[in-house]
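When you get a sec, could you build the whole thing from the sequences and use the hints?
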Amino acid sequence: MSIFEYNGSSLVAMVGKNCFAIASDRRLGVQLQTIATDFQRISKIHDKLYIGLAGLATDAQTLYQRLVFRHKLYQLREERNMKPETFASVVSALLYEKRFGPYFCQPVIAGLGDDDKPFICTMDSIGAKELAKDFVVGGTSSESLYGACESMYKPDMGPDELFETISQALLASIDRDCLSGWGAHVFVVTPTEIKERTLKGRMD
Amino acid sequence: MECVFGLVGDGFAVIAADTSAVNSILVHKSNEDKIMILDSHKLMGASGESGDRVQFTEYIQKNVHLYQFRNGIPLTTAAAANFTRGELATALRKNPYFVNILLAGYDKEIGPSLYYIDYIATLHKIQKGAFGYGSYFCLSMMDRHYHSGMSVEEAVDLIDKCIMEIRSRLVVAPPNFVIKIVDKDGAWEYAWRETIKDAGVAAA
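Quick note, the sequences are listed as chains Y and Z, same order. First residue of the first sequence: 1, per the numbering used here; consecutive thereafter. First residue of the second sequence: 1, per the numbering used here; consecutive thereafter.
The set of hints was computed from the structure by calculation and includes no laboratory data. We treat Cβ as the ideally placed atom computed from N, Cα and C, and that holds for glycine. There is no bait here: all hints are sound.
Here are the simulated BS3-like pairs of lysine-lysine, each with C-alpha atoms no more than 27 Å apart in a straight line:
(1) Z:K125 / Y:K200
(2) Z:K94 / Y:K98
(3) Y:K195 / Z:K125
(4) Y:K72 / Y:K98
(5) Y:K44 / Z:K125
(6) Z:K125 / Z:K62
(7) Y:K200 / Y:K154
(8) Z:K125 / Y:K72
Okay, the calculated beta carbon distance ranges per label pair:
(9) Z:A191 / Y:Y74: 48 to 54 Å
(10) Z:I110 / Y:T198: 18 to 24 Å
(11) Y:Y146 / Z:R70: 48 to 54 Å
(12) Y:D114 / Z:Y136: 48 to 54 Å
(13) Z:D157 / Y:K133: 55 to 61 Å
(14) Z:E194 / Y:S43: 43 to 49 Å
(15) Z:P96 / Y:E161: 46 to 52 Å
See below:
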């Protein structure tokens, strides 16, 4: 079993009309055994920037702590929040620093940039950025997620429709993946509000 | 094979661990205490490589004491758990400690809490958890019988059920167990569950 599949994870982010949604599963496992069913994979960097970290949970926790540290320093120096594009570059640089001893994580970044234009991106464990206009996926069920998102996605969805789409795509994929599951966390972020919802899927 | 398991009850947290010190097929002793009392209101049950276990838990205990001496107030359970995770994470890519930890504590405002810390420094706050081959039996037993707000009697009854399962179903089951509790009055040894008593040294 690959080290990326040790804990099990699934992540997806989608772009809507002046909003974005980011969703993850809730399982924390150790290979075949489930340890917890309430694990948070998506963390807030600031009100308009979220990062989800798929892959090895310990590296996700370490990386998140380093990123929060970097962002807090940036806030102190620049007296403003980081733009999502800038943050993606910071994540990419941090990951490439460990090129020959990497963090076993796959980040999924979603935010609202200048003029509240939605921004999403993902990268591999050594920081190769992939900017997408529609959706990005990560984790053990990523192949399934690619298929589900491709068929369900359409551009310029409003927050409610985006929530439905991302939820259906994620649940369909994690319900077929033994290493992800136990429900889902979905964040839908617009310029004015952040809605966090928890979904119930196949609870196995 | 070493078993450590624990759960959170109504105003207390309890940890149970087996007490055999084993080297390959030889049992050195059957009354090895693997649940360290970190400070007045914290318990650290550890399982894994014996040298690492003793070294690492003593290191954490001394650092927890040092913090209290330097700052005049004790660490919260969450802070101690994060400190422990930090030490494991820093050592992970240099000289890893093969120790799995369940850290239970009681804080005045927060109440009881239990933290799961993997040997690769995965940290998660849980209500019930277990490590080792015994976890395959304990986790299922706890899933069936655990509910939040259990009394001490109910919790120890559940612990005993888990010990019965381990004894009857695990091929090289450890004979003896120790149970420790932490609540508002402190951390203390509740009971031993012995089936084999170490023979005393014969008089010369």
